[in-house]
Every structure is written in structure tokens, then in C-alpha cells.
Amino acid sequence: MKHSRLPLLTTLLVLIFFYLPIVVLVVNSFNASRFGGTWEGFSLKWYAQLWSQDEIWQSLRNTLFIAFGATAVATVFGTTAAFALHRFSSRLQRFHYTLIYTPLVVPEILMGMSLLLLFVALGAQLGLFTIFLAHVTFCISYVAMVVLARLQDFDFSIVEAAQDLGAGWWTAAWRVLLPLLAPGIAAGALLAFTLSIDDFVISFFVAGPGSTTLPIRIYSMIKHGSPPLINALSTLLLLVTFVLVWLSQRLTEEKNQT
Amino acid sequence: MKQAHKIKGHELLVTAPSFLWLALLFLIPTFIVFAIAFKPATPLGGIGAGWSLDTLRSLSNPNYPAIIWRTIWLSFATTALCIALAVPTGYFMAKASRKVRQFLLLLIIIPFWTSFLIRIFAWKVLLHPDGPVKRALVFLQLAEESTSLLYNAGTVLLVMVYTYLPFAVLPIYAAAEKFDFRLIEAARDLGAKSLRAFFTVFLPGIRRGLMTAILVVFIPSLGSYVIPDIVGGPNSEMIGNKIAQRTFTDRNLPHASALSAFLTLAVMAPLVAMLFLQGRRGKQAPLIQEDA
Amino acid sequence: MSEFLEFENVSRFFGDVRAVDGVSLSVKKGEFFSLLGPSGCGKTTLLRILAGFEHPDTGRVLLDGRDITELPPNKRKVNTIFQSYALFPHLTVFENIAFGLRVAHRSRDEIRSEVGAMLKLIQMENQAWKKPDQLSGGQKQRVAIARALVNKPEVLLLDEPLAALDLKLRQRMLIELDIIHDEVGITFLYVTHDQGEAMSLSDRIAVMNCGKVEQMGTPAEIYEAPRSSFVAAFIGDTNFFEGTVSEMIGQEYSRLKIDGFPDVVCFNDKQLRVGGPVFLSIRPEKFRIARDRPPGDCVHNAVAGRVEDVIYLGHSTRYWIRVHDFRIAVHRQHSRFLLDEKAIRWKDEVWISWHADDGFMLERYSESDESLMETPPEALGVSHFQTAAAENNDHQPAK
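Chains as they are written, first to last, in the numbering used here: chain A, 43 to 300; chain B, 243 to 534; chain C, 6 to 404.
Next comes chain A alone, as it looks inside the complex (with noise of 0.2 Å):
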């Protein structure tokens, strides 16, 4: 492949894929026009309309607040449990490992299904709660893969000099395990916020009437409604997954420097 353009040019069509349909999205949104196929001069009242929409505004909120509770649980519990992969590996732990391997790969109807069938089994209510739920659910794999990636390049043998010197394990975990970990785990939240943010399917089977996030909000205005302003909606959107991913990098650039 030495000399074959092949991949070059494959790279440069498979970015032009990616980002054909976003750009369209962004200048459409600014683009007076109602049906996006002619350009018919700039215009940010699509940007004025947003502004007013209520439900809009609710329903963000509502995501922001489950998204923040979610990767706080989250966090937690997938830190513990890479520490658990990680440092154990007996048949406890194999299990445990395909207990948090697998929800990464099913598919998010059958983990929306399943939770939904859960909660009228349990007879609970649906509602922002067991949104809350769902998501703390799919999140701890994410963050301990994340965690756990960062603990096998971890040179351990800095826990033991601790220990040599006097700390006890708390102590030690304390003074030198967290400080250099702390990096990875914020990185494995960054990535659960993200996740729960966008999350649309799973959020969709067990929410409740009345119980919207900005993904739901999103659906339905794609099905039924307005769609400059999803444009005007998705092109915020996307500024903000800039800034997201963009400290995200920081973040992880930082730790291979130390």
C-alpha cells in the first residue's frame, strides 16, 4: 500500500461523509429559508423562535439534571468497579467483567425494553426517575472501560513504595492512587455526561408523560414539527459537543504529559 492513494483518498471521503450532513445543518439553520433547499439570505430568527419555545427550555433542563446525577453515580460506581477488575480476577470478577462488557454492546431498544418492563413489573411509576436509572445503568460500563484502561498503564509499584514509606492503604490511596488518577476518571464522566446527554432510545421507553428530555424533545419535533428550528437547536448543540470534546482532549493530554 506504499504507494496507493487508496487510503488517503478513503480518509478524505469518509471525513466528507461525516461532516457533509452537519455542515448542511449549520447553514441551513441561518438560512431564512423554510425548506432549506434554496438559500434565501441570512436570518437568525430561527435562533429568536428557539428562544421563546418553553418546552424546549424545560425539557433541557430536565436533561442537565438527570445527566448530572447520572454521571455522579455513575463515576462512582464504574471507578470501583474498574479498581475491582483490575485488581482482583478471580471467577467473581470474570463474571462481574461480562456484567459490565456486554450492556456496550446490546443493542439500546433491548436495554430500553427491558428496564421498561422492569419498572411496570415493579409496578414504579415512570417518570424523570427511572430516566435517572437507566442512565446511571448504561453509564458505569462506559466509565469503567475508561478507568480500567488507565489503571493497567498505571505503574502500581508507586502504591507499594507508599506503603514502604509508612501509608496505609487508605492513606496511600489517598495520597497517590487518586491525585494520578483523577485525570482518567474525570475523562470517564466527561464521557457519561456525553452519553447521557444525547441518549434517546432508552430514555424514550421509560419516560413518563410529562417527563421530557431534550433527546424526546427532539424526536418529536423531527416527527411532527418545525425543522429550521431543530437547525437552529442542533447547531447549539454542536458548539457545546465542541467545547465538550475539546476539554475532553485537554484532559487526556494532560495525564500523558505527567
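Think of the hints as simulated: they come from the structure by calculation, not from any bench.
Hints may contain errors.
[As the list claims (entries may be wrong)] Partial list, derived from the structure: chain A residues whose beta carbon lies under 8 Å from chain B: (1) 59; (2) 83; (3) 134; (4) 150.
[As the list claims (entries may be wrong)] Computed far set for chain A versus chain C, every beta-carbon distance over 12 Å: (5) 52; (6) 73; (7) 118.
Just so it is clear, CB atoms sit at the ideal spot from N, CA and C, and this is done for glycine as well.
Dock chains B and C against the given chain A, drawing on the hints supplied.
Just chains B and C, lined up with the frame of chain A:
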């Protein structure tokens, strides 16, 4: 021995939180899905008492085989296309300089983190009858005015490839990065042509990345719901659509449950096969390595 | 009598592998004691058992009379220099050194003065605020030493500390370690596979192989009186000879019959019986080499041979002399000015001789140990034992 006992206690403590949570909210619900498939439905959309085989009988609906077949071949096609595109891309990225590589990685990750609903919607806009792509194709006389780019299996395939491609690129790139390219030089030194070296040295060398990529594209594809729902038409329904339809439109949970159980089995089969193959080679390392 | 540090019948098994197999040894207070051996011989495991990171399956560890076997590592007055140094990357040099003192809740003034004294000892007062990734290999090692010593441990454990350094730096650090040991006076337990390090630094050495201690003694005892072919070959170079006792000469000497040699007189290092087998180890520097036959006497042995290989090193020359089936390695120091005499060259007929006291009788011999030497016979030719073994295999197929 005292120390062995201590370790056990620590281990249980650290394992418990995640283990219990996932057992209660992931493992058990999976079993519940199978159980509810055997229960009757109530007219109001709840689950009736007692057990019944009605639901199982409903699985012999004549429409289902077509849907199942379509789901499977669409997932296969998506996986094949994703791999075909991801391998040269991963190869290129792995051989590129560090700066280019980081830049490309960022470019690939960004769409992956963007709201996927929005990206699907973007395609709906792009392929809209009055949209730019249609107009360009008509202009180039590659399409009729009456053909619709939307709402068919082709569209679904396109958007599925679009959605799952980053999932394929990342593990293949990760494996290609670890690949020692001097092996290809050695192969060519021994007389192999580039293409042969590629197939006999490079591809086996990134085998684990390939397996991961196949896994993270094929299995979620089987359960696709939103994509056929938004850009697909009545002729491009997949199992996911039917499950959603039974749940929300028909309000028949046991039916939906039966379909979900079926999908679960279909999904478990390649997973179990993969884990079995991995176990036979005796490797302990995880098959998937997430790197966010 | 109990010493300062005692290992009593310590074993550690990993499944079927006996990493440490019934090791008993004692270390004197203030001693520089080395555990020397090839990779996998158990020396690092033994060290970790003392540090508290491994728990022995049998036996006990006693420090200053106290049984510390069950104590966790943070409660032992023992500190370790790790092979990778294991400096805390997020802490400065000062904080790294201060770590143990902080954990022990010492006062700020105490910490400042003790750490300051350590920085002075390792001559890094100006680098106190640097982070480990800004330090060179040698500096990291000194910080690791300071970090351990500041806690005034009863024993300092060093796990191959010089392995990661390049040759010149290693030689400098060897000297520095020696100086630090003399200044501080603490008992050092040093683990290495490098015989040069062990010999130059240690008061006593324990040579380990396959989880057991093969021999323990001062460097001179280990070198001059190896009890097994493993110890003889692992440290320095040597020649192995197999013979039978033909007669005893008084209590102290015996006459041996070695294939291809005239009768050899040898000092008795062990109990012998006439007709029994003997394995001799003679170090290359113990031979005299000359063109003419040396005057014979009852305590010198002489044998004629031909020079097969010569390597001139300036201060010395190494010869390999063929005598019958043997390739004998000889090291000759040039203690006199050399240019005037005719040098001994390849294919010359020479006489080599040695004093009866200079051969050493081994207690255990194993042919595979020959490959441990720097220039094993196979590398340059065939040893006597290989041909003998080949003949044996022809007659006895089973092993």
C-alpha cells in the same frame, strides 16, 4: 490463611456497588423480558395475570420473516461497508505523523459525540426532495424528479453506515497504531506485492481490532430503531421498529417482549461465539478497549 | 545465636513453581549483604517477603529478635529502593523525600530539617522543587535513596537499583552506594544478577539458584572456594576437571587421576575415599604459562599443551591451551614489561603449571552450569564432559 480472607472481604466490597446495580437493572430485566413473553396482554396496555402462549403464537406472523431477514441483511451490509471504509482509514491514520493523527482522531470523534438524532435528521434534510443532493443528482441526470432518496432501504443503509462508521474506525485505528509496519516491509522484502502483504500481513495483524469493530457495528445494527423510523419507509422496517410499534402504538407489551426476547437471542449468538473463540485462545485481555 | 536479620526456612510457592524454597539465612547488623543470582532464582521474591509485599508460605522473618512475618509493609521498619524507583510523579523532590515523615505525622520543623539533611547528603539541595520527570536517571535514584533513608529504617532493601543505568553511571553509583553505606551505617540488603556489583559492594553474598541458597560467604570465599559448579561458573571464569582419587598423601593432599594428565596433586577440600570421583575447579589466573618445563616439585603440577586461542588485553592475556580433551583457560597478568621477551603465540607448545593448593574440589557438579561462564567451552570448542556425556548417551539411552 488470614491474608487470603482479608482479600476476599475487600474484593466483595469493591465489586458490590457496580455488580449489584447491573444485576438488578440489567441482568434481571433481561430475564423479565423472557418471562413476560409468556404472559397475556390486557386491553389497556398492561400485563395480564397468569401465563399464555398467545404471544408465542403471534410470532408466526407472516410479515415477520421478511422483517427479520431485512434486519439481518441490512446489519451485514452495514458492517461490511463500515469495515471496508474503516480499514483504509485506520491504516492511513496509523501511518500518518503524530500531529495529523491527533487532528484526524479529533475529527472522527466529534461526530461520534454529537447528538445522533441530529445527525440522522441532517440526512433527512440533505436527502429531502427539495434538498441539495436531489437537485444535484437531477441536474447531473443521475436521477428522475420522481425518485425519492428518502424512505427506502437504501437510505436506511446509508444512514446506518454513517452512524456506525466511527465505531468501526476507532478500534481498527487503535489496532493499526499498535501494528508494527516493518512487518509489511519484511513481507515485501521477501517478494510479496503490496496488496498481498496487505491481506496476508496487515489484516491478520489487526485481527483483534477487526473483531471489535465487527462486534460494535453488527450487534447494535440489529437493534436499530431510530434510523429506520426517521428515514425509512414502510418497506424498510426492522425488528426495532416492530418492537417500538408494539410497545407504543399497539400497547401490547408481551408481544413487544417476545420480539425483544427473539432479538436478544439473535444478539447473544455472535457474542457468545466471539467470547468462546477468545476463550479458546486463552486470552485474558478485554476484547473491547474503550478509548474515549 | 541469632543475628540481626533472620530468614527461617522461608518458602514461597506460586502454584507449582517454588520461587523461594526453604531459605534460611542471617544478616549481621550494619552489613552490606547481597543476594546474587540469575533471573528467576528467587532473590527478588525473598526481598519482597522481607519488605512485606509477599507473604511466605512457610517460615518466619525475624528482625532484631522480633517476628515481623505477619506485619503489613507499612508497619515494618524496613524501606525499599524499587527497581523503577517508583517516585511519586505528582510530588516534588522535597515532597517525595518527606512522604514517609508526613505519613508519620512528624512536625513541620522536623520534616524541614530532616529532608534538608537528606538533600545535602545526595547533593540535590538546588533541585528540591523539581518534579521526577525533570530528573535524570542518576538523580531519580538518589532521590529514591534519600526518600528511604530519611525514615531511618533498620534495613534498607535495594532491588537491582543500578539495572536501569548505563555503564558509566552505574560505576559512579556503585561508588556512591558504598560511600552512603559507610556514612549511614544501616544494614543493606542488595539484590542483583551482576556479580561485579555484588563482589565490589558486599560484606557477604548469598548466591541463589532456583529458590535455594547455593552458597553464602564473603566475596573471597565465594570466589576462591565455590562449593558447586553453579557458583564457580556464575562468578568469574573457571576450568572444570573430573578425576578419580588414586591415593591419599597424608591428611592434606591426594593424588588424582585425570584423563590425559599426569598424576595431579591436590589439596583436600573435602572428605575423599580412594577410587571415588572428584570434580576440580581451577580459576584461569592460578596457572603459570611458559615455554619451558618448570622445575618439578611435589606441590606443583605441570602439563604440556598447545595454544589454541590468544586474546591480548594489554594488562593481561587470555590463552586457551589444548591438553588432551581439555581446553584450559589461562589468564596471565603482565607484571613485567613485555616487549623484550618473545610472546607466546598461537600454536606454540607450552607448559602450564599450578600449585596443588590452587585447585578447589567442588561438592556438586552439573554440566549445564558450564554455559553460565562468560566464555563457555561450547563457544570456543568442545569440553571434555561433552564428549564423555556423548559416549555415555550411546551406552545408556535412558536419563
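Verification of the hints:
Look at residue 59 (chain A): its Cβ gets to within about 7 Å of chain B, closer than 8 Å, so that hint holds up. Annotation: residue 83 (chain A) was flagged as interfacial toward chain B, and the flag is violated, the nearest CB pair being 17 Å apart, outside 8 Å. Annotation: interface hint on residue 134 (chain A) holds; nearest CB of chain B at approximately 6 Å, less than 8 Å. Using the Cβ-Cβ criterion of 8 Å, the hint placing residue 150 (chain A) at the interface with chain B is satisfied: the shortest such distance is roughly 7 Å.
At roughly 39 Å from the closest C-beta of chain C, the C-beta of residue 52 (chain A) stays outside 12 Å, upholding its exclusion from the interface. With a closest Cβ-Cβ approach of about 51 Å to chain C, residue 73 (chain A) is found to remain outside the 12 Å limit, as its non-interface label requires. Every CB of chain C lies more than 12 Å from the CB of residue 118 (chain A), the least distance being 22 Å, so the non-interface label holds.
Hint violations for this structure: number 2 only, all remaining hints satisfied.
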